[in-house]
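Protein chains: 2
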Amino acid sequence: MKETTAAILTIGDELLIGQVIDTNSAWIAQELNKSGIWVARRTAVGDVWDEIWQALDETLTHADIVLITGGLGPTADDITKPLLAKYFGGTMITDEKALANVNNIFKNILKRPMLEANLKQAEVPDTCTVIQNANGTAPGMWFEKEGKVVVSMPGVPYEMQGMMTNYVLPKLKEHFTLQHIAHRTSLVAGIGESFLAERIKNFENNLPAHVRLAYLPHYGLVRLRLTAKGEDATAIEKQLDNLQAQLKPLIQDVLVAAQDVSMETVLGTLLNDQKKTVATAESCTGGYISHLLTANPNSSSFFTGSVVCYDKKVKETVLKVDKQVLEEKGTVCKEVAEQLVKGVIELVNSDYAIAVTGLMGPDNGGEDKPVGTVWIGVGNKEKVEAQEFHFRYDRRRNIEMTAITAMNKMRLFILNNQ
Amino acid sequence: MKETTAAILTIGDELLIGQVIDTNSAWIAQELNKSGIWVARRTAVGDVWDEIWQALDETLTHADIVLITGGLGPTADDITKPLLAKYFGGTMITDEKALANVNNIFKNILKRPMLEANLKQAEVPDTCTVIQNANGTAPGMWFEKEGKVVVSMPGVPYEMQGMMTNYVLPKLKEHFTLQHIAHRTSLVAGIGESFLAERIKNFENNLPAHVRLAYLPHYGLVRLRLTAKGEDATAIEKQLDNLQAQLKPLIQDVLVAAQDVSMETVLGTLLNDQKKTVATAESCTGGYISHLLTANPNSSSFFTGSVVCYDKKVKETVLKVDKQVLEEKGTVCKEVAEQLVKGVIELVNSDYAIAVTGLMGPDNGGEDKPVGTVWIGVGNKEKVEAQEFHFRYDRRRNIEMTAITAMNKMRLFILNNQ
Numbered sequence: 001m002k003e004t005t006a007a008i009l010t011i012g013d014e015l016l017i018g019q020v021i022d023t024n025s026a027w028i029a030q031e032l033n034k035s036g037i038w039v040a041r042r043t044a045v046g047d048v049w050d051e052i053w054q055a056l057d058e059t060l061t062h063a064d065i066v067l068i069t070g071g072l073g074p075t076a077d078d079i080t081k082p083l084l085a086k087y088f089g090g091t092m093i094t095d096e097k098a099l100a101n102v103n104n105i106f107k108n109i110l111k112r113p114m115l116e117a118n119l120k121q122a123e124v125p126d127t128c129t130v131i132q133n134a135n136g137t138a139p140g141m142w143f144e145k146e147g148k149v150v151v152s153m154p155g156v157p158y159e160m161q162g163m164m165t166n167y168v169l170p171k172l173k174e175h176f177t178l179q180h181i182a183h184r185t186s187l188v189a190g191i192g193e194s195f196l197a198e199r200i201k202n203f204e205n206n207l208p209a210h211v212r213l214a215y216l217p218h219y220g221l222v223r224l225r226l227t228a229k230g231e232d233a234t235a236i237e238k239q240l241d242n243l244q245a246q247l248k249p250l251i252q253d254v255l256v257a258a259q260d261v262s263m264e265t266v267l268g269t270l271l272n273d274q275k276k277t278v279a280t281a282e283s284c285t286g287g288y289i290s291h292l293l294t295a296n297p298n299s300s301s302f303f304t305g306s307v308v309c310y311d312k313k314v315k316e317t318v319l320k321v322d323k324q325v326l327e328e329k330g331t332v333c334k335e336v337a338e339q340l341v342k343g344v345i346e347l348v349n350s351d352y353a354i355a356v357t358g359l360m361g362p363d364n365g366g367e368d369k370p371v372g373t374v375w376i377g378v379g380n381k382e383k384v385e386a387q388e389f390h391f392r393y394d395r396r397r398n399i400e401m402t403a404i405t406a407m408n409k410m411r412l413f414i415l416n417n418q
Numbered sequence: 001m002k003e004t005t006a007a008i009l010t011i012g013d014e015l016l017i018g019q020v021i022d023t024n025s026a027w028i029a030q031e032l033n034k035s036g037i038w039v040a041r042r043t044a045v046g047d048v049w050d051e052i053w054q055a056l057d058e059t060l061t062h063a064d065i066v067l068i069t070g071g072l073g074p075t076a077d078d079i080t081k082p083l084l085a086k087y088f089g090g091t092m093i094t095d096e097k098a099l100a101n102v103n104n105i106f107k108n109i110l111k112r113p114m115l116e117a118n119l120k121q122a123e124v125p126d127t128c129t130v131i132q133n134a135n136g137t138a139p140g141m142w143f144e145k146e147g148k149v150v151v152s153m154p155g156v157p158y159e160m161q162g163m164m165t166n167y168v169l170p171k172l173k174e175h176f177t178l179q180h181i182a183h184r185t186s187l188v189a190g191i192g193e194s195f196l197a198e199r200i201k202n203f204e205n206n207l208p209a210h211v212r213l214a215y216l217p218h219y220g221l222v223r224l225r226l227t228a229k230g231e232d233a234t235a236i237e238k239q240l241d242n243l244q245a246q247l248k249p250l251i252q253d254v255l256v257a258a259q260d261v262s263m264e265t266v267l268g269t270l271l272n273d274q275k276k277t278v279a280t281a282e283s284c285t286g287g288y289i290s291h292l293l294t295a296n297p298n299s300s301s302f303f304t305g306s307v308v309c310y311d312k313k314v315k316e317t318v319l320k321v322d323k324q325v326l327e328e329k330g331t332v333c334k335e336v337a338e339q340l341v342k343g344v345i346e347l348v349n350s351d352y353a354i355a356v357t358g359l360m361g362p363d364n365g366g367e368d369k370p371v372g373t374v375w376i377g378v379g380n381k382e383k384v385e386a387q388e389f390h391f392r393y394d395r396r397r398n399i400e401m402t403a404i405t406a407m408n409k410m411r412l413f414i415l416n417n418q
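Same order as they appear, the protein sequences are chains A and B. Just so you know, UniProt numbering puts 95 at position 95 of the first sequence, and the rest follows in order with no gaps. Just so you know, UniProt numbering puts 19 at position 19 of the second sequence, and the rest follows in order with no gaps.
Accuracy of the hints is not assured; some may be wrong.
What the hints assert, rightly or not - Partner residues are not named here, just some residues of chain B that face chain A (Cβ under 8 Å, in silico):
no.: 1; residue: D22
no.: 2; residue: W27
no.: 3; residue: A29
no.: 4; residue: V39
no.: 5; residue: V45
no.: 6; residue: L115
no.: 7; residue: G286
no.: 8; residue: H291
no.: 9; residue: V307
Unchecked claim - Quick list of the computed label-pair ranges, beta carbon to beta carbon:
no.: 10; chain 1: B; residue 1: E237; chain 2: A; residue 2: H175; range: 28 to 36 Å
no.: 11; chain 1: B; residue 1: W53; chain 2: A; residue 2: K120; range: 19 to 27 Å
no.: 12; chain 1: B; residue 1: D232; chain 2: A; residue 2: N104; range: 22 to 30 Å
no.: 13; chain 1: B; residue 1: W53; chain 2: A; residue 2: N364; range: 42 to 50 Å
no.: 14; chain 1: A; residue 1: R392; chain 2: B; residue 2: Q244; range: 44 to 52 Å
no.: 15; chain 1: B; residue 1: W53; chain 2: A; residue 2: A233; range: 44 to 52 Å
no.: 16; chain 1: B; residue 1: Q30; chain 2: A; residue 2: D57; range: 27 to 35 Å
no.: 17; chain 1: A; residue 1: R112; chain 2: B; residue 2: Q244; range: 25 to 33 Å
no.: 18; chain 1: A; residue 1: A100; chain 2: B; residue 2: H390; range: 18 to 26 Å
no.: 19; chain 1: B; residue 1: K201; chain 2: A; residue 2: K229; range: 46 to 54 Å
no.: 20; chain 1: A; residue 1: E174; chain 2: B; residue 2: K201; range: 37 to 45 Å
no.: 21; chain 1: A; residue 1: G192; chain 2: B; residue 2: Q30; range: 27 to 35 Å
no.: 22; chain 1: B; residue 1: L255; chain 2: A; residue 2: K381; range: 48 to 56 Å
no.: 23; chain 1: A; residue 1: H390; chain 2: B; residue 2: N206; range: 55 to 63 Å
These aren't lab readings, by the way, just hints derived from the structure by calculation. Because the structure is a prediction, the values reported are computed rather than measured. Every residue, glycine too, gets a C-beta built ideally from N, C-alpha and C.
Please take these sequences and the hints and turn them into a complete structure.
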């Protein structure tokens, strides 16, 4: 069976001048992958007629499916629709369902008068199948040409995601006979990519030819991903289960989860399973750990609250850190990390707490320690542990590294003290 | 003068299966743009020999410069270096400076024994100019072929950024005679893209042919960007200044800043200018506003702290919200938003405070209000204002929209009450 391949084509000057980060392509790639469609290429071009045309020609030689996002807005720089009408031929007609949708959005949701540009959003070439937009005004378009499929969708993430989930993915599965694709991911923390590779070298060298192993490092974590493709779904799944089981004892001590999840999800699930709650006292991470934990829709069951104690006075007055310790040892030390844990547990009455205090850079804020010095404290009502870390480089990376490391410390503390 | 164009080629399966979001391309595109190099295309391919080779062939027909990131790691799935050695010819040699760098990192920074795979990172084809890596082990490579330039850099963001800033950008400016490119960005809030377009239609229709206007919407904000390219830098800068001045009165009421900055930077700068401080009391945003404000390296001068009052009890005990109000009206109402502002100002002694309480979804947490209902409060020690908002769609978007809207409310409150 021939492998079905896709290309993602993103349209918009904003991607080429770097004003916007392309999150759509990552989402689309994930969804296609789960469906057994291999993404062979991602291309981004600007709002320029010839460049879009040429990119469409090229991607159609590489892939069976081209998914296009962007360029469908109501403004003059959005030229995707007229281009596709020319590329695939046909006459522009008003789609009645799309028009009713635009009318409804303006009348009942936005409660504002409609503009002519919005009405034009309901126009489509009569050579496409219209994809209704449940979350916005611009409809999507499905074209077919010589056995290949080209789909155009808006660039607004939730609009595109709605179309993909409700229409495009199911229809692609109908239209193509798809190979089975399967992944197994192990999330590990506290070991570098090259040390991990050295440790599992024999495992990697003995992998069957149709199984690939990828190392995906990201801020203190590495995702180890096994991928296999083929026609016999049952055999592939079984083989990957076996390989995952062989890998597990080799990485047991650094394994966070045997699936592709985030550190915050692992910690949230652990807390939920134990019906316990956590709080944070954050100085240098400025609420980022709290933000990560509450990105989880179930967080109200395990997350109590946080104090972002940026100002030294807040550490002292709100979280009861000893004034003398602050004066003698500064804000970045073992004692402050420990007292922040105790202070926030006391204040918000959580079962556990994470505390961080450190210097994220670019300067060291007058403290007598290098940028990247961080003390992380974790604990419960009975016991508190604190450890010093040294991160490097830029502020954003230090904040990310501190957050991941602190959540992993909390996870290990919970597992070791139950 | 011919325009100098670049293509960005990103290598790695992780981008094609969507496990990683490509932030490198956005950063590179921004930097090239500032230097007068137009990014014509961005392409991502997997760790597959033929696909990388083909993409390199193709991008070299589209662009004068190809910047490659990724695939230089120490593990077996990283094949960029052998491929480039074959593509450009030459023999692999050990670069002494790169080797000294790898040795130094392991000896003095990581303080761990080195592996053979790490040693191999110092090997490069003798047909390239080596780019030293100040932030990691893998060196970069600069190749030239028929007047075109191909640069290979690691995929780790801070390593790539170091090479670009210290070596690649200066050398590209030497190597090519570059056109002048200039942008003017206006950041607006509180108006939709199509209404904005309608309002400035005449301005847009009368723009000179070599000036482009782009609308870049992002979570409650729209960036309006004017771009011009040409040989006479002074004339172009002056023309854009004039156009920006014509645009300003048309958007005065919704203009946040006449430059390309973030809402949090605008608010931080305003507070710094006034030597005032802000705090936040966050329920539904879970610390995200606090995180955004503290991403600014200068935040310690204007940011006091936050209480993330996720649990109802924290609202009551820590921030002194009236128990009766919570019982009778629930947590999402005007009174709670107002009392949170007062409570956090009292607790952390800031000049201003932002408070948010709402329902981010996917469910409404048992409250008698629809998902997306948010009350935002802003105020100082004398005065508090609160307003109800209705956002829609998914949790992540609601958190982003709430944060941006709340910071804009705070900005306007400060400007209106000074």
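Tested hints:
no.	hint	result
1	D22	6 Å, holds
2	W27	6 Å, holds
3	A29	3 Å, holds
4	V39	4 Å, holds
5	V45	6 Å, holds
6	L115	5 Å, holds
7	G286	3 Å, holds
8	H291	5 Å, holds
9	V307	6 Å, holds
10	B/E237 x A/H175: 28 to 36 Å	52 Å, violated
11	B/W53 x A/K120: 19 to 27 Å	43 Å, violated
12	B/D232 x A/N104: 22 to 30 Å	50 Å, violated
13	B/W53 x A/N364: 42 to 50 Å	47 Å, holds
14	A/R392 x B/Q244: 44 to 52 Å	40 Å, violated
15	B/W53 x A/A233: 44 to 52 Å	32 Å, violated
16	B/Q30 x A/D57: 27 to 35 Å	28 Å, holds
17	A/R112 x B/Q244: 25 to 33 Å	28 Å, holds
18	A/A100 x B/H390: 18 to 26 Å	22 Å, holds
19	B/K201 x A/K229: 46 to 54 Å	51 Å, holds
20	A/E174 x B/K201: 37 to 45 Å	43 Å, holds
21	A/G192 x B/Q30: 27 to 35 Å	29 Å, holds
22	B/L255 x A/K381: 48 to 56 Å	51 Å, holds
23	A/H390 x B/N206: 55 to 63 Å	57 Å, holds
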